[in-house]
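Asker: Chains C and G, in that order, give the protein sequences.
Mapping the first sequence onto our numbering, position 122 (from 1) lands on 122, and the numbers just tick up by one.
Mapping the second sequence onto our numbering, position 215 (from 1) lands on 1215, and the numbers just tick up by one.
Since the hints were made in silico from the structure, they are not lab data.
Distance condition first, Cα-Cα at most 25 Å in a straight line; then the derived SDA-like pairs of lysine to any residue:
hint, chain 1, residue 1, chain 2, residue 2
1, C, Lys143, G, His1197
2, C, Lys2, C, Ser61
3, G, Lys1509, G, Asn1235
4, G, Lys1250, C, His28
5, C, Lys63, C, Met1
6, C, Lys68, C, Asn6
7, G, Lys1613, C, Ala127
8, C, Lys146, G, Arg1576
9, G, Lys1254, G, Val1281
10, G, Lys1254, C, Gly39
11, G, Lys1250, C, Leu59
12, G, Lys1509, G, His1311
13, G, Lys1193, C, Asn94
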Amino acid sequence: MKLNINGVERQVATDWQDETLLTVLRDHLGLPGTRFSCGIGQCGACLVHVEGSPVSSCLMSVKQAADKNILTIEGLAADDGTLHPLQQAWIDENVPQCGYCQSGQIMQALALLETTPDPDDADIDQAMNGNLCRCGTYDRIRKSIKKAAIVMREAN
Amino acid sequence: MAGISRRKFLIATGWVAGGATVLYTLRNKAISVAPTVIFPDAESGAAWLQIRPDGVCRMFFARMDMGQNANTGLAQIVAEELNLNVQDIEGVTPSTSDVTPIAVTAGSMSLTAFSRPTAIAAATLRESMRARAAIKLGIPGSDILDDAGGFQTTDGRKLKYADLVDQTNLMVEFDDSKPAPNLYTFDATRDKKQVGHDVTPLDIRALVTGGAVYTADVPMQNLLFGRAIQPPVRNARIGKLDTTGVSDTKGFVKLVQQDEFVGVVCKTPSAVDAAMAKISVTWDLQQPINQQEIDRLVDVDAEMALGDLEHILLDEAHRKDVDWAIDLRFDVQTQTHAAQEPRAAIARFNDVDNEGETDHALEIWTGTQDPFGIKRFASMDTGLSENDVVVHPQRLGGGFGGREHYEVERDAVRLARAVKQTVKVQWTRQDEFTASRSRPASAHRVRIATDDAGNLSDWWYGYITGHVVFARERLPDWLLPVARLAEDMGVVKGALSPYSVPHQRVEYKDVDLPIDLGVWRSLNGAPAIFAIESAMDELAQQKNIDPVEFKIAQMDGGQPRLQNCLQLVAALSAKRSLPKGAGYGRGFACGIYDKRCYVAVSADIHIDHETQKINVLHMSCVQDVGMAVNPGQLRAQIESNLAWSVGMALLESFEVGDNTIQSANFDNYSIARMADMPSLDIEIVDQPNIPPAGAGEVALVAGPPAIANAIRAASGFRALSLPISFKDVV
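Here chain C stands alone, though its shape is the one from the complex (with noise of 0.2 Å):
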């Protein structure tokens, strides 16, 4: 069974090949940015993209995801390091405090962007209203999007 993540294809031992996409990102090839936190698609943390479109890893199982194209929140960055714009507004926004949701957060912004260039505050509301933070980052989450959203608008 093979994946391709972030551009790089990764093959699935024969024993995970029962598990979720989320353990195996997570435990079997070495790519924990991706978070466990409710188990049933109801909070955001674990949030990837596949074929494009975000979807809870926690409930997709690794075989559904089999020979797709997934990115994950290590993919986002560009190969030389230089952050994509939503990690930079995040950073320039401070917006972590226990950062566990943030992988989550910032993969469902990410889609927002795509489909929505340039959001307003009803457009984000809906779109990041599955993503819980339990810290309140929100009104910060809220800046760095539209912050986020401005760059990728001049880059294109």
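Go by the hints and put chain G onto chain C.
Answerer: Just chain G now, kept in the frame of chain C:
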């Protein structure tokens, strides 16, 4: 550390590799029960600093990082004292064998307790470097002036710290019989370059690239996965246990059963889920679990009708029979931590090589607020000596008071021992909800009378809550009854009002509730101050007086810092106009957390009949916690507390069913989401002359009553129980 000199010890831990190190030790001895409460005092501390031969400054980060980012503030203090840039300081999180015991990270005590010892350590190192420079140059120390990263002479010669240290190890020890060196951090006249400025966390890049390492991310060889059954309440006993078919699970390794402990070890995480699903347990409870039982136990009116409550906190010319202008009961719900990271631990048993000094029989990786407590309890649990156990503390994905106990660590330790291999345990979300020690439900009766001039004359406040610090199984069974004779420092938080009243009584009782309880952000601060600030607001409303003016008048000049916060928040909120029309309201509240942190909050709300929701539109907050070491970090903590305020006032309710815990995941326990979040205006009162107090749980004491008071202003509805729903109001 017995039998090993400090120098040898530091070398053995790899801490000293040349350069100059400053070291403080704690004179207090560890006590044998949790939590670890050894705070540095004014003159001694646990600050470990080093300037390495290449001139880099390293420091031990003494605080467990769970998002409060206290270590960055302490690093700013070190940078200020040493004339360095904080970004150039290298932080190291020590294991329990690297340092002497350090207090549990809790109670917003980090900056309060560690700022001065840290400043002393850094200043001692600076002055010892200055003395070295004086010897090297053959001129008096007074001719050697501070410079970025080192010193300069009066005639313009520059010396970096790197020029003053070499490959030999120089140990600088503070002699507390002599006065401490001049502390730049606490010099209000100094133009500070590090302290008082916004600094993002030193490791922020890792937090946005997925590179931050939490316990479950620590790379391990030959790792197995495990989990144990969590009872609905810790004093439950297994009645019936059925493990049929567990061993047939694909990837199954071992079923481990030890008295009340039942767990499994498997080769993959999903195999653990499958095996655990096959275990069925019927629990014998010592006390029925249901909401009616909790309500009965905290029924403050029933108890006050019988006479004095168990503890009298304040009794000043108390009068029972007066004409009460306010006589209200407030009920506050159970709430749980719901940290985003379900707790995890990894345990490994090693073959101990007695010749080696760093080999330990048991190693534990865990995100905990109290690494030394975990070490002690693991030692008791396994029978190993404390020297044979080492805890490697990891970053926490949220703590909020809920991560102090030997629990997930116990699961990993017992399972790893049974299979003689490294085991990782991560609790499920349901385990988190079941076994996190929630904030107890409580009930508060507030009675207030006024004199002919309209000033407060009588105050009678009684409340009942579950235990907090002395909750069941937070202390050993033999100690608990004795401890409970004294004041539970969690239960009394927030109970004394800031208002001036000639006749006062404050009394309380703490009880054993049928669910597991413990420390939750602000402890009893938020529940008590919700009751007090709601009652005072109601009195102002009834008298048709502006609540802010009324409260300030009733402080009678006795609380200048709180009064200042309240005045400033009134001015801050006035910058935004409240929309006109039905259903809009603005409310205010203020409070003191732990006698040292002052805050006032305003909330603008809208009762939306179309969506049948109460929306918090905007909140303003002014906070005074003394010196603002890192104002940006204070703002972040305020934002977090205001999000929790929305949750406490409107959303969160921990539900129990018939002998079960019903709130099991985020689909049946609502916390604030993006759309619930109001816009925020925040102002920090900086007090350069007052040492920093904590900020981690301050604004939460005033946020919920501000929201409740706004609802009263909008609708006339006085919220007597939390959370408040739209249905309550209409």
